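Chains A and B are the protein sequences, given in the same order.
The working numbering numbers the first residue of the first sequence as 1 and each following residue consecutively.
The working numbering numbers the first residue of the second sequence as 1001 and each following residue consecutively.
Source of the hints: derived by calculation from the structure; they are not laboratory data.
Any given hint could be a false lead.
What the hints assert, rightly or not - 20 Å max Cα-Cα, derived SDA-like pairs, lysine to any residue:
id, chain 1, residue 1, chain 2, residue 2
1, A, K11, B, L1123
2, A, K204, B, N1147
3, A, K204, B, S1057
4, A, K11, B, V1044
5, A, K251, B, L1123
6, A, K251, A, F176
7, A, K251, B, A1053
Nothing here was measured: the structure is a model prediction, and the numbers come from that model.
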Amino acid sequence: MSVLFDEPGPKARRRIRVATVLGVLAAVALAVLAVRQFAANGQLDAARWQPYATWPMWRYLLTGLWSTVLAAVVSAALSMAFGLLLALGRLSHRRWIRLPAAAYVEVVRVVPALLLVYVVLFALPRYGLDLPLFWKLAVPLTVSNAAAFAEIFRAGINSVERGQTEAGLAVGLTPFQTMRLVVLPQAARRVLPSIVSQSVGLLKDTSLGFVVSYGELLYSGKVLAAYNGLLIQTYLVVALIYLAVNVSLSKLARTLEARQAGTLIRFSRRTARA
Amino acid sequence: MSVLLDHLPELWQGLIVTFQLTAASFAGAAVLGALVCALRVSPVRVLRAIGTAYVESFQNLPLLVLLVLAFFGLPEIGVQAEPLVTAIVVIAVYEAAYVGEALRSGVNSVSRGQGEAARAIGLTFSQSLRHVVLPQALRTVVQPLGNIFIATTMNTALAAAVGVVDLTAAANRVNLVEAQPIPIFVGAGLAYALIAAAVGFTTGRLERKLVILR
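Input sequences plus hints: build the corresponding full structure.
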């Protein structure tokens, strides 16, 4: 039970039953409305959905998904490495390292990724820097996500108790060794759930391949829809694929978070409820 | 620099569209998000499931996919509207999932004893919500809502990819004519950064004023 209500009594239980029926009815009504809208415009004809029961169509979309994963993994690896450097930079004692790192993070964090894509797509070629197609997507994603990862890492490092650093220094490790051997391993475990959910965000960002014509999932959908004219069907299937992948990743983040919470907290919560 | 001044009208128009998109879709997201939050904290299991399905779907779909689906897919089933309106609705629906979760975390942050005390002194459900739970819940979500507002501002840029001429699209158009990317894109980037800084500053001050120490 929550802050809002107690264990329901007979009257409340009756009201809950009524609300249940009304809720189901509303959901069904919405679904019926959608189906009718599809049917009225001839979008439910079997011929318009049949193609998505055939293997070549799926092979094409799965190739797109593979490119999406590739772009996401490469950008994630690069932006995590860059983000870690930025986080360490922001925590540095030297002002000339700290200030540029902070400025980068604060500014890039609030600039739309699409604007960065346009810069790479239309501005850099002016200066003779025409990147290969893959990097036209991967570079802006790395630039923008590095700032997000930097903030995650910084929060993780700050969450490690000061005593850990002090102990590391006390046993004669250098500051760098203390960071690498004592603080970072602990911080990494704590930020793991945030890293996974930021990666979901990054995977969502790869849909910008639509703009740069890199053959990831959404762009593959665009090409496919232009070819077979099944616009709404194609984009719905594409959306479902994104949903399936990202829901699994989000579930992973939650599992990690639950494990992080530790058996002690879980135990006390269970006894409190009982 | 002069290139920015020469094209000030177009860029200004783009900035206005960005403001419109942000303000309207955030307002829509706030209303819809409150509804989603209400579903997710309700005692009725079916309603909770509907709320969860909403949040799970829209947090795990790329906004650009939703925009593309709405701009190119919906006309196929006879649903069509002005581009600006379509963009506003889609962004509002998308951000509502995030607003709903922020509000729910606010409700959950109110300790159970507060609700029990309200009921114990005989307040009705809506009274305890109005006088006890919501005032505390809303104060804790000032900062998260500010962050969602900033994210909304950045996300409105995606409307440029489907043909709405906002600040990002305007900057791109000016660049295609003038071919002076550095001042134009840096100018546009700074405009976004300024909006975010203003929102961050305001919510920061509000939060310090309203924060409840527990």
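Hint-by-hint comparison with the structure:
| no. | hint | result |
| --- | --- | --- |
| 1 | K11/A x L1123/B | 17 Å, holds |
| 2 | K204/A x N1147/B | 19 Å, holds |
| 3 | K204/A x S1057/B | 13 Å, holds |
| 4 | K11/A x V1044/B | 14 Å, holds |
| 5 | K251/A x L1123/B | 39 Å, violated |
| 6 | K251/A x F176/A | 35 Å, violated |
| 7 | K251/A x A1053/B | 14 Å, holds |
Hint compliance for this structure: hints 5, 6 are not met, and every other hint is.
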